[in-house]
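Chemist: Sequence:
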Amino acid sequence: MIQRRLGRSDIEISAIGLGCWQFSEGFGLAGGFWEALPSQTVEEIIDASLRGGINWFDTAEAYGDGRSERALASALTRLGKKPGDVVIATKWFPYPFRSASSIVKTIGDRLSHLSPFGIDLHQIHQPFAFTTVAAQSNAMADLVQAGKIRTVGVSNFSAKRMRAAHEALARRGVPLVSNQMKYSLLDRRIESNGVLAAAKELGITIIAYSPLAQGLLSGKFHEDPSLVRTRVGPRKFLPSFRAKGLERSRPLIEELRKIATAYGVTPSQVALNWLIHFHGDTVVVIPGATKGRHAEENVGAGSFKLSPDELRRIDELSRQFL
652 MIQRRLGRSD
662 IEISAIGLGC
672 WQFSEGFGLA
682 GGFWEALPSQ
692 TVEEIIDASL
702 RGGINWFDTA
712 EAYGDGRSER
722 ALASALTRLG
732 KKPGDVVIAT
742 KWFPYPFRSA
752 SSIVKTIGDR
762 LSHLSPFGID
772 LHQIHQPFAF
782 TTVAAQSNAM
792 ADLVQAGKIR
802 TVGVSNFSAK
812 RMRAAHEALA
822 RRGVPLVSNQ
832 MKYSLLDRRI
842 ESNGVLAAAK
852 ELGITIIAYS
862 PLAQGLLSGK
872 FHEDPSLVRT
882 RVGPRKFLPS
892 FRAKGLERSR
902 PLIEELRKIA
912 TAYGVTPSQV
922 ALNWLIHFHG
932 DTVVVIPGAT
942 KGRHAEENVG
952 AGSFKLSPDE
962 LRRIDELSRQ
972 FL
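Quick note, the sequence shown lines up with residues 652 to 973 if you use our numbering.
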């Protein structure tokens with residue numbers, strides 16, 4: 652598995668991590684997007700990820716009100732992992748009327764849920780908050796300097812907000828190491844709105860969530876559109892899952908299938924491979940998994956490297972999604 656430096660920190664992460672939203676046990680607004688997974692399935696997913704070379708896991712307070720954090724820590728412990736063996740990323744959520752002081756007040760909950768593992772990367776989950784970016788950044792810097800967390804990241808921040816967080820943290824001698832953004836071949840907006848360019852300039856890692864466009868890049872919904880009605884829940888209302896959206900992305904899917912056949916892999920693996928290579932070392936990905944075989948497929952995306960011509964062809968067919 653390819654290793655990447657996390658921003659301007661000393662933390663090394665695999666280019667592919669595991670997103671842990673699906674470990675929310677079906678609880679809450681965010682967790683309700685997924686059915687509750689048995690603990691044995693969670694353990695199988697994490698075990699397959701570890702065996703494939705993944706060394707880091709991304710969870711959040713909002714994922715089942717800490718249930719994902721606890722499920723992750725419990726499975727890692729059962730698999731014999733100890734603090735320092737893996738890299739753990741979590742997030743603070745700016746629920747309505749929360750101020751920056753909540754970041755410090757809730758860190759005990761985060762550490763308790765993840766025990767015995769520490770927090771290597773703590774992120775501000777959303778840009779909206781009842782406080783300023785500077786205040787949030789200072790609260791995060793306080794935690795770094797108190798030894799409660801190792802590094803600081805943000806999520807869903809525009810280029811302007813990301814720069815503001817970077818500057819506020821820099822005044823405290825703390826780097827902003829990451830910005831977690833929705834990014835896939837079917838959503839390349841970070842390339843046109845300044846986020847990717849700013850990240851490259853500032854040495855910030857882009858953590859791509861939903862890198863498979865919620866399953867669209869697998870091609871299964873193009874092959875059998877009836878699955879949209881039975882398999883995707885609320886996603887069926889998204890434009891990309893409607894008939895017109897599927898036809899718009901079909902040429903890209905056909906190219907992914909063609910390349911996948913040549914390598915003996917899947918279209919999803921080709922899509923992930925493009926993300927971790929096209930922009931050099933800047934982008935890492937965190938696909939999720941609800942079965943052990945999904946995790947095995949994720950890690951397989953790092954087992955080959957697309958040629959410059961293949962990278963270019965995929966780029967051309969997906970540029971309409973910039």
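You may find that some hints are simply not true.
Quick list of in silico lysine to any residue cross-link-like pairs, SDA-like style, CA-CA up to 25 Å [unchecked claim]:
| no. | residue 1 | residue 2 |
| --- | --- | --- |
| 1 | Lys733 | Arg656 |
| 2 | Lys756 | Tyr746 |
| 3 | Lys851 | Phe888 |
| 4 | Lys909 | His928 |
| 5 | Lys732 | Tyr746 |
| 6 | Lys833 | Met652 |
Note that these hints are calculated values from the structure, not bench results.
Chemist: So which of the earlier hints does this model not fit?
Modeler: Of the numbered hints given earlier, those the structure breaks are 3, 5, listed in rising order.
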